[in-house]
Amino acid sequence: MTNNRSWIPYLLILPSVAFLALLFIVPLLQTIWLAFSDNGVPSPANAQRMMADINFTRSIKNTFLLTIAVVPVQLAIALVMGTMVAKVGRGRETILWVWTIPLGISDLAAGLVWLSILQNSGYFNSLLLGLGVLERQASWLSYQTPVALFFAIAVAEIWRGTAIVMVIIVAGLNQVPREFKEAAEIFGAGAWTRFWRITLPLIRPALQSALILRTVLAFEVFAVVYALGGRNFPVLVGEAYNWQNQNQNYGVAAAYAVLIMIISLAATLIYLKAIKVDPERLP
Amino acid sequence: MANIVIDRIRKSFGTFEALKEVSLTINDGEFVSLLGPSGCGKTTLLRIIAGLETSTSGDVLIGGKSVIGLPPKERGLAMVFQNYAVFPHMTVYENVAFGLRMQKADDARVKAQVEKAAGLLHIEQYLDRYPNKLSGGQRQRVAVARALAVEPKVLLMDEPLSNLDALLRLEMRAELKTVLQSAGTTTIYVTHDQTEAMGLSDRIAVMHNGVVEQVGTPVDVYNYPATRFVGGFIGNPPMNFIKVPVTNGQVAAGSEPLTAPEETGNEVILGLRGEAVQLAPLPLGLEMKVRVAEPMGSHLLLTGSIHDQPVRVVLPSSETVRSGDVIGLKLDPNRITWLSPESGKSFPAATA
Ligand SMILES: Nc1ncnc2c1ncn2[C@@H]1O[C@H](COP(=O)(O)OP(=O)(O)OP(=O)(O)O)[C@@H](O)[C@H]1O
Ligand SMILES: [Mg+2]
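So the protein sequences, as listed, match chains A and B. For reference, each letter of the first sequence is one residue, going 1 to 283 in the working numbering. For reference, each letter of the second sequence is one residue, going 1 to 352 in the working numbering.
Excised from the complex, chain A in its bound form (with noise of 0.2 angstroms):
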């Protein structure tokens, strides 16, 4: 009897397919044209004229090494926080809660408030000018300082981007059991092995949502590094954008937007791959 009515779960799931045709994959199936046509027939021009741009190599190296900088130490902290917290009691609730507030700041904020900080004349340099440490202004953010240029977009975006790994890591701990510790306590394990034998592998589809999520965003980085390095240190999404809004050149944006696309599906499905879900082996 149900066997002859198995159309009604794609019955139920048409409007959200319909909807998402409508406002996501038009629009992609545009800008992938876009992308590769030059007046309206098929072509690899706006990919070369890319590809040929000076920035191209330096966008790319900037993005990756900002990603594979940027997203390991936040699942760090963000796995020490969430094991923090899980000890908490009272108080719980209102320590989640400040660590959350970056989440609620835009982008292009947070990249401000980092600004005023790291700027010549910012909270830092006073700080290091009233210890004593510095005799004059130093500068962070200029390209005579490629380094610490980096190591101040790293930092922002750690601040700005950790809490929502946290959020999906924290969710994920209060969904291993209590008991599993404890069992692991008693038969001898001590706390590292605990949390590499036993909450690491346990906590597997956070770990897997949070890294997809956050690896994505890292690879679409673009107003905090703006805010404070501007064409200074290039990435993809500012060369989009620039190419979008300062060259008027649509095709070569659309062409960054599809690289862009084919790195993040790369990643996720890299990530779907090396850390697998089994559902058999969940609590």
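FYI, nobody ran anything at the bench for these hints, they're computed from the structure. Glycine included, C-beta positions come from ideal geometry on N, C-alpha and C. It cannot be assumed that every hint is accurate.
[Stated by the list, open to error] Computed Cβ-Cβ distance ranges for the label pairs, DEER-style:
#1 B:Gly39 / A:Arg178: 15 to 21 angstroms
#2 A:Ile270 / B:Lys20: 54 to 60 angstroms
#3 A:Thr268 / B:Ser162: 55 to 61 angstroms
#4 B:Gly39 / A:Met261: 40 to 46 angstroms
#5 A:Glu280 / B:Ser298: 54 to 60 angstroms
#6 A:Lys273 / B:Gly76: 41 to 47 angstroms
#7 B:Lys20 / A:Pro205: 42 to 48 angstroms
[Unchecked claim] Listed below are the simulated DSS-like cross-link pairs for lysine-lysine, each with C-alpha atoms no more than 27 angstroms apart in a straight line:
#8 B:Lys73 / A:Lys181
#9 B:Lys133 / A:Lys181
#10 B:Lys116 / A:Lys181
#11 B:Lys330 / A:Lys181
#12 A:Lys273 / B:Lys133
#13 B:Lys65 / B:Lys153
#14 A:Lys87 / B:Lys73
#15 A:Lys181 / B:Lys289
#16 B:Lys65 / B:Lys111
#17 A:Lys61 / A:Lys273
[Stated by the list, open to error] Not the full set, but computed from the structure, chain B residues with beta-carbon under 10 angstroms of chain A:
#18 Arg75
#19 Met90
#20 Phe98
#21 Leu127
#22 Tyr130
#23 Ala143
#24 Ala147
#25 Val150
#26 Gly274
Go by the hints and put chain B with the ligands onto chain A.
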């Protein structure tokens, strides 16, 4: 060597007192059951001994040394959790091996021990599987095997056989007993099931509302319950409690009056095991009005009243009594427990 001394342990959760001064000594190699109704604090006591919960006050000594403040892994014990706590992300083999791996045992020893424990609990065929694919009873046996595999000095088991069918439970019970006895493991065994407690234990501790009401051998606890609760909780049918008047230190029961303990006032409670009676002609025996007679095959179960108070007694199946009969019963004076109507505690066995 690995005796356990529980010394005046108290545990409060907020204003609720889960354990109220529990003291209990378990000798080296002894098998003691904690028996009691749901919510009486059995799991809480085990968790305090294991170090998973901190007591509000009191001391726990294992092998003569206080373990208060020691983390669980330094207490040298293994535990079977009431809700199994079998690791879902490890195969049954790795679950059973977990304790040995933590002790850095070499692979040969791990393999030998795992196979031994798995064989004992009949889970060899599931060793490669993940626990999620097992039934509740199979998972429970994995939890028991995991604890046995480390051959602990002290073993705490929280209702380890509760999910098995009757036949398997009977078999597992016997095997557990054999293994633990030959290994000389000091065991605390939590159970609801009184036949299990009676069958397995060297001694039984009956708990009620956070208090140990009585500790003793199964036979003692059965025959000489220390309190009305113990008598009512143990035995099937439970002990009968009949409030009877006392005149000149004697209680009328048919032709032969019974001697009540000296401490009693005008009334005393007569605790009577259902099977400690014999059928007697009416004027000689104590009068019982039978409401329902149920021939059970092995025995005859009678439900009715004595002195207008409900009782259940058991007679040999050879007797014929019908519903609605009024019969006489001769009580075995050696198997009567006298209890104070005020405190519900029993008087020391005067007749013995
Ligand atoms: N963490 C806790 N917080 C508050 N109350 C608790 C806590 N743990 C146990 N209790 C209470 O303490 C009492 C004893 O609980 P415990 O789990 O020891 O019972 P038990 O004898 O093992 O029962 P069962 O046979 O049902 O397993 C119960 O009333 C329970 O509600
Ligand atoms: Mg319990």
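Quiz item: Looking at the structure, which of the earlier hints fail to hold?
Solution: Result: hints 3, 4, 5, 11, 15, 16, 21 and 26 break, sorted rising.
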